[in-house]
Amino acid sequence: MKIVQVSDKVVKEDGKLDAFLGIDIGSVTCKFVLMDMDGNVLESVFLRNRGSPIESAKAGMEDLRLKIEQNEQIQEYAIRCCGTTGSARYLTKAIVGGDLAKTEIIAHAVATQSLYPDVSTILEIGGQDSKIIILRDGIIVDFAMNSVCAAGTGSFLDHQASRLGIPIEQFGDYAIRSKNPVSIAGRCTVFAESDMIHKQNAGYTKEDIIAGLCDSLVRNYMNNLSKGKELAEPIVFQGGVSYNKGIIEAFERHLGCEVIVPKYNVLMGALGMAILVRDYYLDHATETLFRGLDVGDIEFKTSTFHCGDCPNNCEIVQVKMPQDENKVIARWGSRCGKWEVF
Amino acid sequence: MILSFPNMGPNWVAFKTLFEALDPSIKVILPDPTNREAIKVGVKYSPEFVCFPFKATLGDFVNVIKKGADTLVMAIDCGPCRFGFYHAVQERLLHDMGYKNVRLIPLDQADLLEFHWVKTLQEVSGKSGLFSYPKFVKAVIFFLKKAKLLQDIQTAEGLFRAYERNQGDTTDVLNNILIKLDQTNTLKELRNFKKVIKEDFNKIDVDKTRTPLRVAIFGEIHISLEPYVNVDIRRKLGEMGVEIHQNLSLWDWVSHKFHLNFHRRWLEHLSHPYVPMDIGGECQWVLGEYIDRAKSGFSGACHVYPFTCMPEVTARTIITNKLKKMYDLPIIFFSFDENYSYEGMRTRLEAFVDLIESRRKHKLGIERISYEEEKNNFYKSNGSHFFQECIQLIQT
Chain R
92 MKIVQVSDKV VKEDGKLDAF LGIDIGSVTC KFVLMDMDGN VLESVFLRNR
142 GSPIESAKAG MEDLRLKIEQ NEQIQEYAIR CCGTTGSARY LTKAIVGGDL
192 AKTEIIAHAV ATQSLYPDVS TILEIGGQDS KIIILRDGII VDFAMNSVCA
242 AGTGSFLDHQ ASRLGIPIEQ FGDYAIRSKN PVSIAGRCTV FAESDMIHKQ
292 NAGYTKEDII AGLCDSLVRN YMNNLSKGKE LAEPIVFQGG VSYNKGIIEA
342 FERHLGCEVI VPKYNVLMGA LGMAILVRDY YLDHATETLF RGLDVGDIEF
392 KTSTFHCGDC PNNCEIVQVK MPQDENKVIA RWGSRCGKWE VF
Chain G
33 MILSFPNMGP NWVAFKTLFE ALDPSIKVIL PDPTNREAIK VGVKYSPEFV
83 CFPFKATLGD FVNVIKKGAD TLVMAIDCGP CRFGFYHAVQ ERLLHDMGYK
133 NVRLIPLDQA DLLEFHWVKT LQEVSGKSGL FSYPKFVKAV IFFLKKAKLL
183 QDIQTAEGLF RAYERNQGDT TDVLNNILIK LDQTNTLKEL RNFKKVIKED
233 FNKIDVDKTR TPLRVAIFGE IHISLEPYVN VDIRRKLGEM GVEIHQNLSL
283 WDWVSHKFHL NFHRRWLEHL SHPYVPMDIG GECQWVLGEY IDRAKSGFSG
333 ACHVYPFTCM PEVTARTIIT NKLKKMYDLP IIFFSFDENY SYEGMRTRLE
383 AFVDLIESRR KHKLGIERIS YEEEKNNFYK SNGSHFFQEC IQLIQT
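Going line by line, the protein sequences match chains R and G.
With positions in the first sequence counted from 1, the corresponding number in our numbering is that position plus 91.
With positions in the second sequence counted from 1, the corresponding number in our numbering is that position plus 32.
Please note that a few of the clues may not be correct.
[Stated by the list, open to error] Okay, the calculated beta carbon distance ranges per label pair:
| id | chain 1 | residue 1 | chain 2 | residue 2 | range |
| --- | --- | --- | --- | --- | --- |
| 1 | G | 235 | R | 401 | 38 to 48 angstroms |
| 2 | G | 235 | R | 380 | 25 to 35 angstroms |
| 3 | R | 279 | G | 204 | 42 to 52 angstroms |
| 4 | G | 170 | R | 429 | 50 to 60 angstroms |
| 5 | G | 204 | R | 385 | 54 to 64 angstroms |
[As the list claims (entries may be wrong)] Covered by chain G, according to a simulated footprint, are these stretches of chain R (three or more residues, beta-carbon under 8 angstroms):
| id | region |
| --- | --- |
| 6 | 191–202 |
| 7 | 393–407 |
The set of hints was computed from the structure by calculation and includes no laboratory data.
Fair warning: this is a prediction, and the values are worked out from it, not measured in the lab.
By construction, the Cβ of each residue, glycine as well, lies at the ideal position given by its N, Cα and C atoms.
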């Protein structure tokens, strides 16, 4: 996990500098980061998901290609390796031709360590999941992901913002304006919502309700994830929800210390993947499997079928490439694992 | 009489021989390997908040009744947790479902030296008294032998999978050897069966230069032995290149109930300061095993238990709040129920493997020893006699 510091820019035979692509396709958004050998972000793309990870990956690649075409400096770079993370990492890896797929937990930890080498606690709240990562002396010692409940994640906040009739971008500002946050039952999204409606109907202001909601979500996060874990400083807070100033403030109140929000707060997963794939490239120096930036033009077909060889009757998903003689590039979903081997 | 019993991983081999050897008139049939349909049926007819093994075994019973079984055997325990009620509640549920002619015979395993299980064997065979005595002895010896061999197979499987070159070889060998063991019906062959296990596993193409991580799996017995309900965690971890160590097996449990399992006594000793008595499930031994594994140089541990299992949750809380700070062995918890899917588990497992890998790298860097040395030190000081023999096979 050690981050290799390389200062000299190495020019390869094709006369281009090394660049690495990290892709993080999560439940709600997809993130692309193009990074150079030194760990500087050259270009990034941040999009809301479009239907399926395949379409999101294609759309993201298209965006990235356009951005690169407009920027002459980046055209000096060539993508040497590509890594994927997020809940759709294996599908994305098959689609774009990734060299490495890692879980978002590792990717987040690596990215944060590259920016804050002495980080001890990482709080991450994304669209559908939230996690906590505990590090000591630069290595991950513990992690937890929300297991049963999505209370307090981005999607829920998004939903509540639209229900209250305020844009999600201003959610945090409303919370900060509040003087007396009301208390909201945050144990469960369903209860939180009915409690909020009740408070709304009782005439509390939007500001107080939103601030109360932020408080209760932080409480819920702490109860669910940080059970028995020692949260030491420095604490870094990232993921989509870290745009929300109300939540940041609630965290600071709850923890009694400063919470750092990194510059690339939503891109951390993709950045971490780019770093991981750079280390992978330095260790292995293999030919990349990356299909190139024009993945958007390649057609992929997914189909599902029921295996039927045993009573489990697993649903198998397969991805085919019609251009390449209908070759199956990925297949998964079986419990016994026999379809994954080809 | 057509007799059957619920699934618990590969242990059907041992139970089948126990009942078949009792009397030639007993025909043993097996439920289908636990599958989605069986679980669906079990969930439908069970109380919602009962432990998962209850639902899984009820599903197996329904499955096997439809295949023609009229006598079912279920282990009981007058233990402190809900397992004590399984048999009685399941019998009522089956009767309510309309299977009135089915007998559910309890197999008391609370303390095997009290010999309540002899009554079960008498009831099953329909004979009592001295006449049937030699048959009982034969049946029990066969059962114990096969249970011990199953544990050896489990040991070899956990080790070889981490070294196999072609993914899936070990699983194939495992499936074949279970059938072979099932077909072995003389005492002489059983005595030599260890050799067969070694020969078969030795056929696997291994890469002996690997230095796999070592993870101990422990937890509730049904969950940790039945591959469907634990999403085949042994195989999933093994195929990520992790050596699986698991003491828990049918033999481990039976020998414990015969008061012959000194390893478990040792674990009880280790966990005594935290849980001084058996509170059901495997709580006591899970704590003991966590401490024991932490002291003997493992990379990580994995605790599996059914959702809503009180004793295991107690163990989990003691580990996270107390033992983890003292012994510092990374541990991951999985609570399984019918809603558990592999996707969420895969992310956690992969992250866990990455975590223990980087921790090992860091630790070895500080201690300045190579992976190879660490591996050899571990192998020298750990594992049963059979485990050592397996290592010899891999290294030569």
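Okay, the hints, checked on the actual structure:
no.	hint	verdict
1	G/235 <-> R/401: 38 to 48 angstroms	violated, 26 angstroms
2	G/235 <-> R/380: 25 to 35 angstroms	holds, 33 angstroms
3	R/279 <-> G/204: 42 to 52 angstroms	holds, 46 angstroms
4	G/170 <-> R/429: 50 to 60 angstroms	violated, 39 angstroms
5	G/204 <-> R/385: 54 to 64 angstroms	violated, 42 angstroms
6	191–202	holds (count 5)
7	393–407	holds (count 4)
Checked against the numbered hints above, the structure violates hints 1, 4, 5; every other hint is satisfied.
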